[in-house]
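Peer 1: Here is how the chains run, residue by residue.
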Amino acid sequence: MTPSLALAVAGGVLIAAGTYLLLERSLMRILAGVMLAGNGVNLLFLVAAGPAGLGPIVGTPEDEISDPLPQAMVLTAIVISLATSAFLLAMSYRSFQLEGHDEVADDVEDAIVRRRAEADLSSEAYVELTPEEQPDTESGGRSGRADD
Amino acid sequence: MDLANLVPVPVLLPLLAAGVTLALARHPAWQRIVSGTTLGIVAVLALVLCLAADAQGPIVLWVGAWPEGLGIVLVADRLSALLVLVSSIVTAIVVIFPSRRDIADSADGAPVSVFHPTFLVLTAGVANAFLAGDLFNLFVGFEMLLFSSYVLIMLGATKERVRAGSTYVVVSVASSTLFLLALALVYGATGTVSFAQLPERFAALDPALQLTIQLLLLVVFGIKAAVFPLQAWLPDSYPTAPASVTAVFAGLLTKVGVYAIIRLQTLLFPDSPLTDLLLVVAILTLVLGILGALAQGEIKRLLSFTLVSHIGYMLLGVALGTEQGIAGSIFYIVHHILVQTALFIVVGLIERIGGSTSLSRLGGLASVPLLAALYLLPALNLGGIPPFSGFLGKVALLDAALDAPSPLAIAAVVAGIATSLLTLIAVIRVWQRAFWQDRGEDDDRVHSLRVLPRIWIFAASTLVGITVALTALAGPLSAYAERASIDIEGGAYHDAVEEAMP
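Chains as they are written, first to last, in the working numbering: chain D, 1 to 148; chain P, 1001 to 1502.
Just so you know, these hints were derived from the structure itself, not from any lab. Accuracy of the hints is not assured; some may be wrong.
[To be verified] Here are some chain D residues pointing at chain P (derived, C-beta under 8 Å):
#	residue
1	L27
2	M28
3	A77
4	E109
[What the hints assert, rightly or not] Take a look, some chain D residues computed to stay more than 12 Å from chain P by CB distance:
#	residue
5	A6
6	V9
7	G11
8	V13
9	A52
10	L54
11	G55
12	I57
13	G59
14	T60
15	P61
16	D63
17	E64
18	A119
[What the hints assert, rightly or not] Quick look at which bits of chain P chain D covers, simulated, 3 or more residues with Cβ under 8 Å:
#	stretch
19	1164 to 1170
20	1176 to 1182
Bear in mind that the values here come from a model prediction, so they are computed numbers and not experimental data. Glycine included, C-beta positions come from ideal geometry on N, C-alpha and C.
Based on the sequences and whatever the hints tell you, model everything.
Peer 2: Following this line, the structure appears as structure tokens:
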């Protein structure tokens, strides 16, 4: 098998760029990253398919056609990445509607645990049996949160 | 009728029903009836498959009967059939719960009608992943269940759910991309993706390339299974979803990842068990997961952390790579799917009755004895109190680990016992604070089961009843798990697929 170097390098560059964008917080950039990385992987499938050849149509000699199976896989992958993009777009739009930006926020409960640790309080799961004496343990860290 | 034709039914029937329920979007009651009956039928068929696979070995269907093994192959061996059975039982029970209020919570105009179609596609995806006979079909199964889970986790699209869902979606998409990359690599290196042909061709490859592929797939499945250090997304994203959704996610989705790891380790790379690496990962998953659980003040998050932690037990059995270890893992998977789902469902009931899942806002729930029993039984089961199945499963796994000669296995036994005790502390803390502790004096609400539809109580009791009944069924079940693991180690899979090739 003689894989094409150009395809492999292009795939690698696309995946690298995609990975970089995936690490961003903005959902639009993540979307761009997902699409780049997905296309990079699709190129790698073409590498896996081996040398180029004629279309795999019944009647063509078998040693002249290109391997059809990876192309079927790529087609499936393209359909899936189309759906992923559509979903991510909808998600970032909804996020924009709700928050005014499309950045993924920190987890609220994580933030509470972290604040309690910084304030040197015991974890929320542990409460003294006489909470009146230690009001901090009950409310600590949670004060910033809307009471719903 | 040829039994092989039953194999695709657990995939096809829910997909068909998904279409029907979509057409019935304006009739929620009918939607529920359609999906309930469909999943019930699937459960019965899965039982038939399970018994048939036990009696006559793996049942194989080459879809479309293309010559020379060109088509897609579906395989129901003992392991797959058992997991399809358990997952369909769980989904058939859980589908009873969602109601307009439960799903929509505070969001007005939430698209409740999409719940049933999406849920059915999710079950089809889970079944497809279990039955897939090649890596690419496994990928497709994963994508089916992931896409439905994206929708389900963000149902109603409230602020909190979109935030939590974003993490989940991005992590899942990244892992899917990685899976696709691994597939390209596998196909480029071996020219096939079929589970039956791969082991032979992998063995012929350069050992370094073999290891690369194995580790790449391990990472992919490790993300799905929420194995340390790839577990951080889970406790962030699961708790915000509606209770019934979280229950199914917690019960099933991570187990699909564990199932894939079992297939990878036993079928594809039987000669490279990576015991040390997996043991270390299992120990860390066990310990760090449960330590996380102890710090939580919210029941759903606490349970999500115990979920992560207990994945470590299943991994422990896989890491050992012995027949005993695999059998222990299979038993534990079945136990954990049922118990974890039951717990999350009961937490959904607690949320409805007590108005919250935060420990600092709950109290005095012991005044509702049935609810207390429904929580306590699966909680003790999870913690591993005899005679429940959690105890039996843990003993089987630790027993298998003690037979292994390495000191790491002994460390895993210690970690396993410690985790079991810490799990008990975590769930009993919930018991003590939500059920026994008095509420504040200014709180004069009266807790009552009357706020719940009767069918919910019935369904939750059934599920908890099944988890308790696992104790009685433990004998036959663990014998079945042993036969399944002998199947796996003995190469029955490969032979059956080759034999059935048209």
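Peer 1: Taking the hints in turn, state whether each one holds.
Peer 2: Hints, verified against the model:
1. A hinted interface residue such as L27/D counts as satisfied when its beta carbon comes closer than 8 Å to some beta carbon of chain P; here the least separation is about 6 Å, so the hint holds.
2. Hint on M28/D is violated. Least Cβ distance to chain P is approximately 12 Å, over the 8 Å limit.
3. Among the interface hints, the one on A77/D holds; its C-beta lies about 6 Å from the nearest C-beta in chain P, closer than the 8 Å criterion.
4. The restraint placing E109/D at the interface with chain P holds, with a minimum CB-CB distance near 6 Å, inside the 8 Å limit.
5. Chain P leaves A6/D outside its interface by the beta-carbon criterion, the shortest separation being 16 Å against a cut-off of 12 Å.
6. Consistency note on V9/D: stated as away from chain P, and its beta-carbon is indeed over 12 Å from all of that chain's, at 15 Å minimum.
7. Once the 12 Å rule is applied to beta carbons, G11/D is inconsistent with being away from chain P; the minimum gap is 9 Å.
8. Look at V13/D: its CB is around 14 Å from the nearest CB on chain P, clear of 12 Å, so calling it non-interface holds up.
9. Every CB of chain P is more than 12 Å from the CB of A52/D (nearest about 15 Å), matching its label as outside the interface.
10. The Cβ of L54/D lies farther than 12 Å from every Cβ of chain P, with a closest approach of about 19 Å, so its non-interface assignment holds.
11. For G55/D, the shortest C-beta to C-beta distance to chain P comes to about 17 Å, beyond the 12 Å cut-off, and the non-interface label holds.
12. Residue placement check: I57/D keeps its beta carbon more than 12 Å from all beta carbons of chain P (closest about 15 Å).
13. The Cβ of G59/D sits about 17 Å from the closest Cβ of chain P, beyond the 12 Å cut-off, so the non-interface label holds.
14. Distance to chain P confirms T60/D as a non-interface residue, since its nearest Cβ pair spans about 16 Å, more than 12 Å.
15. P61/D, annotated as away from the interface, keeps every beta carbon of chain P farther than 12 Å; the closest lies near 18 Å.
16. With a least beta-carbon separation of about 15 Å from chain P, D63/D lies farther than 12 Å from that chain, consistent with its non-interface assignment.
17. No Cβ of chain P approaches the Cβ of E64/D within 12 Å, the least distance being about 18 Å, so the stated non-interface status holds.
18. At roughly 14 Å, the least C-beta separation between A119/D and chain P is larger than 12 Å, which holds for a residue marked as non-interface.
19. With a threshold of 8 Å between beta carbons, the proposed coverage of the stretch 1164 to 1170 of chain P by chain D holds, since 6 of its residues qualify and at least three are required.
20. Here's how the stretch 1176 to 1182 of chain P fares: 4 of its residues keep a CB closer than 8 Å to some CB of chain D, so the rule of at least three is met and the hint holds.
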